[in-house]
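Asks: Once you have looked at the hints, place chain X on chain L.
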Amino acid sequence: MKKMLAAVLSLVLMLSVFSGALAVNEDIDGKIVIYTSMYQFEIDKMTEALKQEFPNLEVSFFYGGTGDLQTKIAGEMGDQHNGVLSCDMLMVAEPAYSLELKDYGYLEKMPVDAPETLFREGLSFDPEGYWYPVRTLNMVLAYNPEKYKAEELPKTYQAFAEDAGMQGMISMSNPLTSGTAMAAIVALSDKYGYEYFDALGKNKVMIESGSTALAKLQTGECKMIMILEESVLRIRKEEGSKISVVYPEDGVILIPSTVMTIAENKSANANLDACEAVTKWLLSEAGQNHILDGYMHSVLKGMPCPYDSIDTDELAKKDMGVNWERCYHDREEIRTKFQEAVTLSK
Amino acid sequence: MTATKRPRSRSKKILIGILSLVMLGSLLLTAAGINGIHEQNSSVYAGEDIWAQALALSGEAGNLYRLSVSPALQRQEEGTRTACTAAARKMLAESWGQPEESLAGFSEEQVWKMLSMTWSYSRRKLSSSDRKALDALGDRTALQDQLLRMIAAGSQAAAEAAPASAEAATAAAETQGAGSSVLENADQEKRTQIFLASGQEDWAVLNRETAMAFSRAAGSDGNAAEAIREVTDGRISAVRAWVIQHARTVLLAGILMTLDTLLLFIFLHSDRSWKMDFKWILILVMVDFLLLFQLLPLVYLCVKAFFPDGSFSLETFTRLYTYRMNWQALTNTLIASAGTMALGTLIAFPLAWLVGRSNLYGRKFFRFLFVMTYMVPPYVGAMAWLRLLNRNVGTVNLALRGLFGLQITEGPLNIYSLGGLIWVLTTFYFPYAFITISRAMEKMDPTLEEASRASGANPLTTVIRVTLPMMTPSLIAGALLVFICAASCYGIPSIIGAPGNVHTVTTRIVEYYGMGVKGINDATGLAVFLIALALLVLFISDLILARKQYITVSGKSTRPARVDLRRWRIPLTVLVSLFCLIAVGIPFATVLVTSFKTDVGKNLFEAGNFTFSQWQSLFRGETLDCLKNSLIFGAVTATAGIIVSCTMGYLTQRTRIRGRKLPDFLITLGSGTPSVVIALGLIMTMRGQFGIDLYYTAAILIIAYLIKYLMMGMRTVSSAMSQIHVSLEESSQISGAGWLKTMLRITGPLIFPSIAAGWFLIFIPSFYELSMTTLLYSPDTKTIGFQLYQYWTYTSQPQACAMASGILLMIVLLNFILHRLTKGEFSI
Numbered sequence: 001m002k003k004m005l006a007a008v009l010s011l012v013l014m015l016s017v018f019s020g021a022l023a024v025n026e027d028i029d030g031k032i033v034i035y036t037s038m039y040q041f042e043i044d045k046m047t048e049a050l051k052q053e054f055p056n057l058e059v060s061f062f063y064g065g066t067g068d069l070q071t072k073i074a075g076e077m078g079d080q081h082n083g084v085l086s087c088d089m090l091m092v093a094e095p096a097y098s099l100e101l102k103d104y105g106y107l108e109k110m111p112v113d114a115p116e117t118l119f120r121e122g123l124s125f126d127p128e129g130y131w132y133p134v135r136t137l138n139m140v141l142a143y144n145p146e147k148y149k150a151e152e153l154p155k156t157y158q159a160f161a162e163d164a165g166m167q168g169m170i171s172m173s174n175p176l177t178s179g180t181a182m183a184a185i186v187a188l189s190d191k192y193g194y195e196y197f198d199a200l201g202k203n204k205v206m207i208e209s210g211s212t213a214l215a216k217l218q219t220g221e222c223k224m225i226m227i228l229e230e231s232v233l234r235i236r237k238e239e240g241s242k243i244s245v246v247y248p249e250d251g252v253i254l255i256p257s258t259v260m261t262i263a264e265n266k267s268a269n270a271n272l273d274a275c276e277a278v279t280k281w282l283l284s285e286a287g288q289n290h291i292l293d294g295y296m297h298s299v300l301k302g303m304p305c306p307y308d309s310i311d312t313d314e315l316a317k318k319d320m321g322v323n324w325e326r327c328y329h330d331r332e333e334i335r336t337k338f339q340e341a342v343t344l345s346k
Numbered sequence: 001m002t003a004t005k006r007p008r009s010r011s012k013k014i015l016i017g018i019l020s021l022v023m024l025g026s027l028l029l030t031a032a033g034i035n036g037i038h039e040q041n042s043s044v045y046a047g048e049d050i051w052a053q054a055l056a057l058s059g060e061a062g063n064l065y066r067l068s069v070s071p072a073l074q075r076q077e078e079g080t081r082t083a084c085t086a087a088a089r090k091m092l093a094e095s096w097g098q099p100e101e102s103l104a105g106f107s108e109e110q111v112w113k114m115l116s117m118t119w120s121y122s123r124r125k126l127s128s129s130d131r132k133a134l135d136a137l138g139d140r141t142a143l144q145d146q147l148l149r150m151i152a153a154g155s156q157a158a159a160e161a162a163p164a165s166a167e168a169a170t171a172a173a174e175t176q177g178a179g180s181s182v183l184e185n186a187d188q189e190k191r192t193q194i195f196l197a198s199g200q201e202d203w204a205v206l207n208r209e210t211a212m213a214f215s216r217a218a219g220s221d222g223n224a225a226e227a228i229r230e231v232t233d234g235r236i237s238a239v240r241a242w243v244i245q246h247a248r249t250v251l252l253a254g255i256l257m258t259l260d261t262l263l264l265f266i267f268l269h270s271d272r273s274w275k276m277d278f279k280w281i282l283i284l285v286m287v288d289f290l291l292l293f294q295l296l297p298l299v300y301l302c303v304k305a306f307f308p309d310g311s312f313s314l315e316t317f318t319r320l321y322t323y324r325m326n327w328q329a330l331t332n333t334l335i336a337s338a339g340t341m342a343l344g345t346l347i348a349f350p351l352a353w354l355v356g357r358s359n360l361y362g363r364k365f366f367r368f369l370f371v372m373t374y375m376v377p378p379y380v381g382a383m384a385w386l387r388l389l390n391r392n393v394g395t396v397n398l399a400l401r402g403l404f405g406l407q408i409t410e411g412p413l414n415i416y417s418l419g420g421l422i423w424v425l426t427t428f429y430f431p432y433a434f435i436t437i438s439r440a441m442e443k444m445d446p447t448l449e450e451a452s453r454a455s456g457a458n459p460l461t462t463v464i465r466v467t468l469p470m471m472t473p474s475l476i477a478g479a480l481l482v483f484i485c486a487a488s489c490y491g492i493p494s495i496i497g498a499p500g501n502v503h504t505v506t507t508r509i510v511e512y513y514g515m516g517v518k519g520i521n522d523a524t525g526l527a528v529f530l531i532a533l534a535l536l537v538l539f540i541s542d543l544i545l546a547r548k549q550y551i552t553v554s555g556k557s558t559r560p561a562r563v564d565l566r567r568w569r570i571p572l573t574v575l576v577s578l579f580c581l582i583a584v585g586i587p588f589a590t591v592l593v594t595s596f597k598t599d600v601g602k603n604l605f606e607a608g609n610f611t612f613s614q615w616q617s618l619f620r621g622e623t624l625d626c627l628k629n630s631l632i633f634g635a636v637t638a639t640a641g642i643i644v645s646c647t648m649g650y651l652t653q654r655t656r657i658r659g660r661k662l663p664d665f666l667i668t669l670g671s672g673t674p675s676v677v678i679a680l681g682l683i684m685t686m687r688g689q690f691g692i693d694l695y696y697t698a699a700i701l702i703i704a705y706l707i708k709y710l711m712m713g714m715r716t717v718s719s720a721m722s723q724i725h726v727s728l729e730e731s732s733q734i735s736g737a738g739w740l741k742t743m744l745r746i747t748g749p750l751i752f753p754s755i756a757a758g759w760f761l762i763f764i765p766s767f768y769e770l771s772m773t774t775l776l777y778s779p780d781t782k783t784i785g786f787q788l789y790q791y792w793t794y795t796s797q798p799q800a801c802a803m804a805s806g807i808l809l810m811i812v813l814l815n816f817i818l819h820r821l822t823k824g825e826f827s828i
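Protein chains in written order, with this note's numbering: chain L, 1 to 346; chain X, 1 to 828.
Since the hints were derived computationally from the structure, they do not count as laboratory data.
None of these values were measured; they are calculated from a predicted model.
Every residue, glycine too, gets a C-beta built ideally from N, C-alpha and C.
You can trust all of the hints, since none of them are fake.
Over 12 Å on every C-beta distance to chain L, these chain X residues come out as not near it, computed from the model:
hint	residue
1	12
2	110
3	143
4	189
5	347
6	445
7	447
8	476
9	605
10	734
Part of the chain L face toward chain X, derived, beta carbon under 10 Å:
hint	residue
11	27
12	63
13	65
14	76
15	84
16	177
17	270
18	332
19	343
For the chain L half of the interface with chain X, some residues (derived, Cβ under 10 Å), not all of them:
hint	residue
20	33
21	40
22	41
23	60
24	211
25	217
26	340
Isolated chain L (complex conformation):
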């Protein structure tokens, strides 16, 4: 009888704990819209997770390349920079853009406990709390070992652009529409000067999206591509692909992507409670596990690396670093230089 009573009590206790856990975010309700440059498959996973975490909150993601989103936001801001945005939060690629939005007064402070001890060493965040890194993207080189041998291929970004054997068989994303590609060319032009763009142009790099470039690796049309690590890791795990990552010896390009909340009177749904809760969740272990599930690196100390990657802290040691102030202020000049050298038909 005692055993039975103990079992029933344990069951009641477990149920109450379980239901208590479920009910933890039930008071967060309403609707929020998040503009993001995360891939669709990552959005799908995160939408599901947020639905479970915040059962009464309707979260809509609007996907677009960073350039597309910036244009959309610029249009919504209007010429006077006072328009209302159709979103409540942003998760776009580059911190340079966070600096710009903060300057325009479009961001809301979001309190996060002890950010200085929360994030990995070297990761930038806004000390006033206007933006935080939420995921770390890693720009790498990739090749198809079923078509070409690794030893015949470049090991560095420099060789990627300069090796004549690669001419017409390399590809990268468009810095005009992709925030991560923009960050990458900022880092590379910092390291090698604008001559790097000339080399890319001479080597006839094809400018196209990640999915197209991956397909070209698969068919053998390209020998090597510059791409985000997450795209390769995903097809390795989900499709059993043999496409492999090369972590360039002259440095990887780690790109922290930020999370921002739009100022209440400039946001679509003025739902700061929900934005704060979602921000905190994203920066919690649970939220970061979903970042790992999306094959990106976590921004938190002590978290593991994504499937099939290498330790994030090790990568950070080889990080080329991106000058975000330059990325923000010299954006036009860098884009034009790139276009002149690479996109213009000779």
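Replies: Here is chain X on its own, set in the frame of chain L:
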């Protein structure tokens, strides 16, 4: 004589009187709109609805004071009450950043109202945990009393420069539980906020939406404070607020009404009967719609290009059109469009003749195949040709290298070139010329060809000497249609051209559009080139249409005799089959095969590579939502379009009413305008700047599709109506049937297949549209065409291929069902 003249003269006077009154009203509306805009422009506020929002917020603040604040203050002793109001005055002055003395003239009621209005937008709502704790306290009256005592105590302590009063702590201690800790930890401002919010069920000081709308309209905290002060002073009336808020709508309505009245006057004057005709109302409604959503955006784009910052400047133009990359894009666009036009027409004419006028084997099947390319998104072809003709490992290139033993690693063919671009554009746009030429051939009187044959000419001579000259206008019309479609295409150049640095104006426009505010200005500047190109094409087309009498059209439908190809029948059938295989069969098969692959680089049946998972992914919620959107948008566009088409068909073919050509011209102009330009114009004008805000809605997509594709339906229905002899309708009316009955029983059934075809011709391109959707979609209005492009570009190419194959199957099935339902009469 005088008896008939007098009533006409009287009706003329009455009509002129009414029109004058309407004109006066229209001018007054215009003047009111201009005045309102002037007030808006001279105001410092960000939103034109500032006063409407301020009045709404003030109304809510008044209610809060009357129902909650005032009763609570009444319950307190005089000293507490005075101290609380003094504290509120001080906090308001701090919130506004103004000295306290500047608020001296305001009464207790005004102070509390202004404070609640200010804090409704400037302070964050109480957190959910605070709200929960305060809700747990239950009795709000007691809480209010306690809060006021705490505020008064705090105010007195501050006045005496003493530390936090013990009295306040004692007051907080009266409350038990979590609520007490909220009060204890709260500072003076938070306690006041809780006091104000305690009057609302959701613990917001005032309605949050109204408050945010007010804050946005004010633009800055300083402006908001000024607006609150003005509204509280009673300086703003509701009528004035309404006029200022709706100034742009009023101005637009005024201008349209003025134009309508002028047009109506011109119609009546040139008609001379001075009898009002309902058909003019129909014409004016259509004209208004097209002026608003088509002409206004186009004019705005041109003005914006020449006046980028409000003053005339050619700086944008000079910069854009002297930039080498843009020159390349302009040249590429012209070469690619002209090449596609030439190649497409060269292919379309013989095919149309062979399928329509000869005894070629499998004519119906071939017709279906050619039209099928019209039914799939053009960029699907680009996906296939990329696989087949890429310079390094393209299937065709590998086959050619193997076949001819070529020791090369690149080529011999290269899809990433201008030639490759022209080829893919041709394979997807020649059906436009094919359909146009086929239709004209159906209308052509066969007796002329028969006369040529009877005079001893062989079939080839007849085609060259008789058919071709008679077909010239349609041939050129079809060719120009291909030209403008190719020039305004985005999907194919972005997939085929970009990797080889072959840029076109559309890819540059979309690229510029993705570069922020300055980019939008540049996109606008480049769009002017496409507008000029479209106008040029329209002008040439109009010149050709003026020679329309060149085509002999009999009063009733004809069944031309087919030319016997004799010994050429089999070789020509083989040749056409080969063309079908290359242009249609192989690309579609490539897309279908890729849809079953996991790794596009491996053979379909290589271990582990064959999969149905790409097809399964089509049934994901998001894809189905996109499909639903596309079906709804396509169906609504096609239905609205076919109603307009039928109206226009009737007006142009069955009436001689004045002004009927005006909507016809505008519809043709819209169809000739490149898609990217239409979308850009709508974005820049339909975001509230002209009183209409359609940004982010399904309506903006449907309007864009309608402008672009309406002409397809209109031409089909008009053409069918021109083939129904009017004597049939006259017989019906002589037999006693009214107009409506004649239309429903005689004309309607006769042209029904063309109505169905017209509906389908609008539905299909709207269903998979990409160029406009890329710029106009929102999270809730994503379409299947856009989703397909996204899948191709960012997610997975096999999944994109599965989706493309799914779309193709669905459209073929829909076509088949309609074909059966109309008993074979339906075809496009």
